[in-house]
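2 protein chains.
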Amino acid sequence: MRQSKLFTKTLKHLPKDEASSNAQLLLKGGYIDKLMAGVYSILPLGWAVVNRLEAIIRSELNSIGAQEVFLPALQPKELWSTTGRWETMKDILYTVQQADQEYTLGSTHEEVVVPLMQKFVHSYKDLPVAVYQFQTKFRRELRPKSGILRGREFLMKDQYSFHVSVEDLNRYYDMMKQVYQRIFQQVGLGDVTHLTFASGGAFSKYSHEYQTVTPAGEDTIYICQQCQLAINREIKADTPVCPQCQGQEFIEQRAIEVGNIFKLMAKFTEPFNFMVAGADGKPQPVIMGCYGIGIGRMLGTIVEIHHDAHGIIWPEAVSPYTFHLLNLHNDSVQADQVYTTLQLAGHTVLFDDRAVSAGIKFADADLLGLPIRLVVSPKTQGKIEYRRRVNDTTALVGLDELVKRHVQ
Amino acid sequence: MRQSKLFTKTLKHLPKDEASSNAQLLLKGGYIDKLMAGVYSILPLGWAVVNRLEAIIRSELNSIGAQEVFLPALQPKELWSTTGRWETMKDILYTVQQADQEYTLGSTHEEVVVPLMQKFVHSYKDLPVAVYQFQTKFRRELRPKSGILRGREFLMKDQYSFHVSVEDLNRYYDMMKQVYQRIFQQVGLGDVTHLTFASGGAFSKYSHEYQTVTPAGEDTIYICQQCQLAINREIKADTPVCPQCQGQEFIEQRAIEVGNIFKLMAKFTEPFNFMVAGADGKPQPVIMGCYGIGIGRMLGTIVEIHHDAHGIIWPEAVSPYTFHLLNLHNDSVQADQVYTTLQLAGHTVLFDDRAVSAGIKFADADLLGLPIRLVVSPKTQGKIEYRRRVNDTTALVGLDELVKRHVQ
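Chains V and L are the protein sequences, given in the same order.
Counting from 11, one number per residue, gives the positions in the first sequence under my numbering.
Counting from 11, one number per residue, gives the positions in the second sequence under my numbering.
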């Protein structure tokens, strides 16, 4: 992509009404734009990151046989009355009227997915099965805050699994823990994200959150010094020892909840009377789990974790482009050659071909935070200055060597 | 994909409350599910088609430099009051309240995209520029009908271009006609889709629709027998001759509007006072065009055009899988080999490994409509029965020959 063609531009000043580093940097870099409190547009560079996050998650979920769907945002009141959540969640549900019908905008999709699966799943032989989607959710937050971490409209990966027994749910749930660990590792949050025990509600002892440690976090967690699992403050009083290893030494940290997994048991299948024929022919309730990852929240959290005073530092796996090519020549002969060669070799390149000063190009490269900055200029004498954003490692390399170093 | 693992099943009976062939077949095949009137869930097979449609469109739009974004559904009343459409479109806008604020759910995105571009585009040098998105739209249809052709919630590709002059808009608009022609050709609608003159509103003589001829269409068009362009009935009285070639012979047809393109001129940029500095330094209004394709509508229209009494007949470019492999052996030795070999060769395969009768497998294969059906059975004697869904061409081929015939 030629930067001169990119319609977004970096902003000169930090937006005043955004306190969080992630929103400041994403806005300043032109990754996102704020339409109103808690509602953001995702711009080309930000959308490229979202696509990479979704591709990583999709690949992991498809590998365990989960099936992708796309469920409606408009959901009839009747379904939400069936589960009782039209009342219990009324403070956060956006509602819409048409004639004498009432709808909610989905803040979650249990009320849609359970009746859907009920149409197709009739026997224990049809289980287990899991579906997921990437979709916009709506939540009537009174005071949206922390940039894109807590919005009124936000992208989620939500996933629902259905089982013939609690044992099978437990098996799947443990497998999902492995899947989530791999996902957070790939997007650059693995080392600072802790599986965290949280309140399980009335029907399950615990749920689990994935909490990423950062001072910008809204939550407080206690990390067990023996096994590295954590406990959310909401249950700390009731849980003085680690439920995993009985450790008693904890360190308190602020953290962002980037995902959660929940054993829903029969909470949502029972109200819809979703039963299957068991192996013995007798009807039995379907057991359910759910698994969420906030995509916008993950985007913001990655920036929160990976930035410095100059800008974002994207992990390579989620960066909108691998290379940021800066042309400081008066002509574009060498830069064009590098740009074309890298793209032919299968790499993604943002090519700063703008007629602006070297200082602006360097500052924007730091702000945008692509993993590898390449500079061609009269000073590089036909070679390319290669710098890794993460650690400032700099080297002078030839084009052939560069391509060999980065074999796709 | 092993069909035994696919959670959807084909339905035995046609849904009674769906009059249109496309909705009947898509529902019967488990491609979509109806949540309520005008609101559908997209299931794995349907989602795979949607992904292929989006990939075709995305590739064409990226090739002309359009940039992908993702804009909010929740939009503040103020923006819609600025353009006057809070009043003029109130019959079809869903509205949402929160405290003393009112929002609409986007039925289109001019009110969001114009102020967004205004933040980044300041000079004639920043133009032309075009952005697009694939997004859920909401429309308060009183009587949604024709299955997924006219919904309350639906997927759209919407695109907006911005120009320094009417001449530049005209140039881009003509280029978009070529792009749309290529898109409709690729998805299997090219031969029956006519560029159609329609009402241009107060600020433009004509807009253009892409109308696909089918008896199931809601619109009536008049196709010029000289140049094959068409005229929408809404302007036929005022347009007795073809605006393109002055032809006077027309054939009346029913048709579905699958896309439209519109010269918006300064209709939406003026209310927001979106001006740029011209080459002479003086401020001038930005000129705008918009370009839509209904994705759900395209899905339904393809089925409407490509089906027979037995089911859907997917064009290969948009089919959820290329091959439908039916195993009629008692064991899976041969079928597993074919399944694995084709996948290793880069093909997509739906493998009917279910323990059901051959009759059910054949009927489902016709209903689901994948382009190439492969049958392995004791009768095929180690070979594979190869049948094209579109014309029933059948042949007995070896696995090597099959792979050679279908080089990716």
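Honestly, I wouldn't trust all of these hints.
Repeated chains share a single entry, so a pair holds when one copy, or any two copies, can fit it.
[Stated by the list, open to error] Using 30 Å as the maximum straight-line C-alpha spacing, the simulated DSS-like pairs for lysine-lysine come out as follows:
hint, residue 1, residue 2
1, K389, K129
2, K26, K414
3, K155, K87
4, K187, K44
5, K371, K246
6, K155, K292
7, K100, K44
8, K44, K393
If you are wondering where the hints come from, they were derived from the structure by calculation, not from laboratory data.
Going down the list of hints, with the structure as the test:
For a Cα distance limit of 30 Å, the shortest separation of K389 from K129 qualifies neither inside one copy, at 68 Å, nor across copies, at 36 Å. Taking the closest pair of Cα atoms, K26 and K414 never come within 30 Å of each other, the shortest separation being 45 Å inside a single copy and 62 Å across copies. When the C-alpha separation of K155 and K87 is checked against a cutoff of 30 Å, the pair qualifies both within a copy, at 28 Å, and between copies, at 21 Å. Within a single copy, K187 and K44 get their C-alpha atoms no closer than 34 Å, and across copies no closer than 33 Å, so neither meets the 30 Å cut-off.
Taking the shortest alpha-carbon separations for K371 and K246, neither the intra-copy value of 49 Å nor the inter-copy value of 56 Å comes in at or below 30 Å. In the homo-oligomer, the alpha carbons of K155 and K292 never lie at most 30 Å apart, since the shortest distance is 50 Å inside one protomer and 40 Å across protomers. Taking identical chains as interchangeable, the C-alpha atoms of K100 and K44 lie at most 30 Å apart whether they share a chain (26 Å) or sit on different chains (25 Å). Taking CA atoms no more than 30 Å apart as the test, K44 paired with K393 passes in neither setting, with 41 Å inside one copy and 60 Å between copies.
When the structure is compared with the earlier hints, violations turn up for hints 1, 2, 4, 5, 6, 8 and for no others.
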